[in-house]
Amino acid sequence: MLLNSKDFLEIKQLTVPEIELILSTAESLKEISQRDIKKVPTLRGKTIINLFYEVSTRTRTSFEIAGKRMSADVVNISTNSSSVLKGEGLKDTACNLEAMKPDIIVIRHPAPGAPHMLASLLDCSVINAGDGAHEHPTQAMLDLLTIREKKGDIAGLQVAIVGDITHSRVARSNIWALTKMGAKVTVVGPKTLIPPYIEQLGVSVSYRLAEVIPKADVLMILRIQLERQHGGFFPSLREYSKLFGLNLEKLKAAKTDVLIMHPGPINRGVELDPEVADGPYSVILEQVTNGLAVRMALIYLLLGGVDI
Amino acid sequence: MDKAAVDKALEHISRQIIQQHKGIDNLGLVGIRTKGRYLAQLIASRIKQHQGVELPVGTIDTSLYRDDVSVTPNRPILCTTQVPFAVADKKVILVDDVLYTGRTIRAALDALMDLGRSRAIELAVLIDRGHRELPIKADYVGCEIPTTVDETIKLIIDEGLKHYKVVKLKDPTAKKW
Amino acid sequence: MKLLICGGRVIDPAQGLDRVLDVLVEKGRIAQLSPDIDPPTGAKLIPAQGKLVVPGLIDMHTHLREPGREDKETISSGTKAAVNGGITSVACMANTNPVNDNQAVTEFIYSQARKTGHCNVYVVGSVTQGQQGKLLVEMGELKATGAVAYSDDGCSVKNTEVMRRALEYASMLDMLVICHCQDADLAPQGVMHEGLISTMLGLEGMPALAEETMLARDISLAALTGARLHIAHVSTAGSVELIRQAKARGIKLSAEATPHHFSLTHEVVRNFDTNTKVNPPLRTAEDVAAIIEGLKDGTIDVIASDHAPHTSAEKEAEYNYAPFGIIGLETLLPLSLTRLVHSKAMPLMDVIARLTINPARILSLDKGTLNVGAEADITIIDLDKRFKLDIAGFKSKSKNSPFQGAELQGLPVLTLVGGKLNTSEY
Chain C
1 MLLNSKDFLE IKQLTVPEIE LILSTAESLK EISQRDIKKV PTLRGKTIIN LFYEVSTRTR
61 TSFEIAGKRM SADVVNISTN SSSVLKGEGL KDTACNLEAM KPDIIVIRHP APGAPHMLAS
121 LLDCSVINAG DGAHEHPTQA MLDLLTIREK KGDIAGLQVA IVGDITHSRV ARSNIWALTK
181 MGAKVTVVGP KTLIPPYIEQ LGVSVSYRLA EVIPKADVLM ILRIQLERQH GGFFPSLREY
241 SKLFGLNLEK LKAAKTDVLI MHPGPINRGV ELDPEVADGP YSVILEQVTN GLAVRMALIY
301 LLLGGVDI
Chain X
1 MDKAAVDKAL EHISRQIIQQ HKGIDNLGLV GIRTKGRYLA QLIASRIKQH QGVELPVGTI
61 DTSLYRDDVS VTPNRPILCT TQVPFAVADK KVILVDDVLY TGRTIRAALD ALMDLGRSRA
121 IELAVLIDRG HRELPIKADY VGCEIPTTVD ETIKLIIDEG LKHYKVVKLK DPTAKKW
Chain S
1 MKLLICGGRV IDPAQGLDRV LDVLVEKGRI AQLSPDIDPP TGAKLIPAQG KLVVPGLIDM
61 HTHLREPGRE DKETISSGTK AAVNGGITSV ACMANTNPVN DNQAVTEFIY SQARKTGHCN
121 VYVVGSVTQG QQGKLLVEMG ELKATGAVAY SDDGCSVKNT EVMRRALEYA SMLDMLVICH
181 CQDADLAPQG VMHEGLISTM LGLEGMPALA EETMLARDIS LAALTGARLH IAHVSTAGSV
241 ELIRQAKARG IKLSAEATPH HFSLTHEVVR NFDTNTKVNP PLRTAEDVAA IIEGLKDGTI
301 DVIASDHAPH TSAEKEAEYN YAPFGIIGLE TLLPLSLTRL VHSKAMPLMD VIARLTINPA
361 RILSLDKGTL NVGAEADITI IDLDKRFKLD IAGFKSKSKN SPFQGAELQG LPVLTLVGGK
421 LNTSEY
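Which chain is which? The protein sequence lines are C, X and S, in order.
For what it's worth, the numbering used here labels the leading residue of the first sequence as 1, then goes sequentially.
For what it's worth, the numbering used here labels the leading residue of the second sequence as 1, then goes sequentially.
For what it's worth, the numbering used here labels the leading residue of the third sequence as 1, then goes sequentially.
By construction, these hints were calculated from the structure, which means they are not laboratory data.
Cβ atoms here follow ideal geometry from the backbone N, Cα and C, with glycine treated the same way.
You may find that some hints are simply not true.
[Unchecked claim] Short, incomplete list of chain C residues facing chain X, as computed with Cβ under 7 Å:
1) 25
2) 28
3) 37
4) 40
5) 42
6) 253
7) 257
[Said to hold, decoys possible] To give a feel for the contact side, a few chain C residues facing chain X, derived at Cβ under 8 Å:
8) 77
9) 92
10) 264
[Stated by the list, open to error] Anything over 10 Å on all C-beta distances counts as not near chain X; from chain C, calculated:
11) 70
12) 78
13) 179
14) 285
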């Protein structure tokens, strides 16, 4: 069985069987990272380019290790978006990279749709590692894997996504992923950071975290980007933290088996108190471990998946 | 091959293993993917009947070690490699249902090596159907069935290990991959 | 040189005319309009049986890019595209480089048009110097040089005080001011309509509100100053309603809509095609319906192209970084006929009026009619011809159109500019 596309660009277009395939492949691949020899030869001679137009430690490292554990050669290219604006355009960069015959390009870019543009220009596979506020599909896959491991079935779960929904690609990918898998999603945040018509994506909207906590099976806390404050989206970090930050006090009302998730990096004391981030309900580090497995699975499923 | 014939072949393999190892200390069975695991379990339970010792049984998935990843049009869904014992310094017997080209066994050998340095590796197969493409030979063979390349041999077995049989099918796509 | 256009269905909204007539053109003017004219000796016969014969189309909103961005379009290539699209007169916007905020640029454009142009060109000057929204241009001087209107198109004059002075001053000169209504503060980084699709794609939205608040302000200013105000490229249902109400109150106001705003919705942005990036943005199906309704009931007076050419290098970029704008000269007529006439949304006569006499009257041009004595700007149309649009054949230097491959019905076949013949190629 294979994925339907040569690329992995968004959860939006994924079918449930495709999601299941990626998850079950990832589950099978987790074992490799527990061995002494953490490497299998399956993608020997394949080349993966990590093309990152935004700074990222965890996602880039995760893709790099994922590739290497499958014996692919991984090359990292970091560049900042300002050089894009004045210098070489994405199209030229892409064509130049393709001339070196990579098998996969993993791209992170501040502009929504940049991976789609790359995918339409190139014959090699393209993986979206985050495009602006659009999607971060591997993050949603690793979140699904984590929830499934902890909760068994995803269908019927109450998942609250808390924070800056408007600017969050993690929120969008998770909304698609969770609703496709049958979870009930509520987005929670200040009204200024909830995008219009979001409820048409099949989610509920709440402006009161306290009302959402008691019924949630999963609390997915988003990183609040500190610069949003200056965009006038909320008055101060102090007030944000009071209204939408998660601390031990608020968590008292939660279910006893609630999962606390965060895509990282955490602003400790802003959206998440350290005691909660490091507490018993937190699965934040499992998310990172699962991120590796999901990315290994994707690389494996995309490479060699050519019809001949 | 009906169930009785399969049982007879498994009994043959089990006895040979016991005889060869004169006691069965330091031995482990590793099945190749699901069907190999089932057979390994059946062999282990026979050895237990005869010797009263329970051999550890593991599973490996050879998909990640295959030499045809980028030329097959399709691929099996991965299953987890699960070897619940340290292979280092153990004698390991690989178990598979059908020995054909030898390529799966080659991959399994590599996979097993990555799990540690075993003292020795042997191979047990239920059926040897011929047509080897690599210099590989089984140490224990349940039954030899001559075939042509456009045929395929299939072990049909249920999870509860209650019902099983071997069938021969015409498979026009058999030689494709 | 005499030309006789025989047997066509002549439609001239200015005269309320819709019947089969022959048209005789002499010395670049319409000499006679009647059934069965005997061909004068030496006259070239143009058979038009089964075709429409209408006044040459007037596109009051184009960007010809010269001076400054001749890589995108020149006055020569832009007017060639216009003629190919059945258009015989264009008004070109002031956002050239340098901005057309002075006599020298206006004179340059007119002189280039005389030397290299293929159709009539009318110049729109800017409202403020450098389109900076601060100091007024020398409106009197520009009018004397031939400017037909003022516009800071591309943005609004943000400062309300400056806009008030601009309208007062323009009304003193009895000149038209064309407004691109958009409150920039409400959509600072916006690249598409704010709605469900922008939410799905994570693209920054431009709310309908941004257009409507600025439009409401400009309507109030028009009421206060008595100036003649023209609203460019109306894109929202709310705007249509505001204009309808303002007209009912007797405010001197006219408005235009573009074919893309009544043909496409924000749904087409889904695949991140930068040829759908346009300002104002493509909006919802309800907005499209309201614009068609506004065109039908006369709230919207004019169909204009907002032809905005950009090079493929600029458009082959990330959606956020690609420039706004699509070409429209060669799709103006086919889209209007397909979406409005063949869909039975509007009578043919009304659609032709919004492409001819209405813009002529708004710009005070002696054009847009087939009256005897008028300059022979004539467009001959094959109304029923079905075709698949292929942008490769367009005469515009740029190819940034979202309509590639569209199945359309009705196209121009022959255009006369001042009696000079041009064959259209589609």
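Here is how each hint holds up against the structure:
1. Annotation: residue 25(C) was flagged as interfacial toward chain X, and the flag holds, the nearest CB pair being 5 Å apart, inside 7 Å.
2. A cut of 7 Å between beta carbons decides the hint on residue 28(C): the least distance to chain X is about 4 Å, and the hint holds.
3. Here the hint on residue 37(C) is kept, as its CB sits about 5 Å from the closest CB of chain X, short of 7 Å.
4. Taking 7 Å as the C-beta contact cut-off toward chain X, the hint placing residue 40(C) at the interface holds, the least distance being around 4 Å.
5. The criterion of a C-beta within 7 Å of any C-beta in chain X is met by residue 42(C), whose closest approach is roughly 4 Å, and the hint holds.
6. Violation of the interface hint for residue 253(C) is found here, the shortest Cβ-Cβ separation to chain X being roughly 38 Å, above the 7 Å cut-off.
7. A distance limit of 7 Å between C-beta atoms decides the matter here; for residue 257(C) the minimum to chain X is near 25 Å, and the interface restraint is violated.
8. This hint is violated: residue 77(C) has a C-beta 24 Å from the nearest C-beta of chain X, more than the 8 Å allowed.
9. Below 8 Å, beta-carbon pairs count as interface contacts, and residue 92(C) has none with chain X, the closest being about 29 Å; its hint is therefore violated.
10. With its C-beta approaching chain X no nearer than about 27 Å, residue 264(C) sits outside the 8 Å limit, and its interface hint is violated.
11. Not every CB of chain X lies more than 10 Å from the CB of residue 70(C), the least distance being 7 Å, so the non-interface label is violated.
12. Every CB of chain X is more than 10 Å from the CB of residue 78(C) (nearest about 29 Å), matching its label as outside the interface.
13. With a closest Cβ-Cβ approach of about 25 Å to chain X, residue 179(C) is found to remain outside the 10 Å limit, as its non-interface label requires.
14. For residue 285(C), the non-interface assignment is confirmed: its Cβ lies about 21 Å from the closest Cβ of chain X, beyond the 10 Å cut-off.
Hint violations for this structure: numbers 6, 7, 8, 9, 10 and 11, all remaining hints satisfied.
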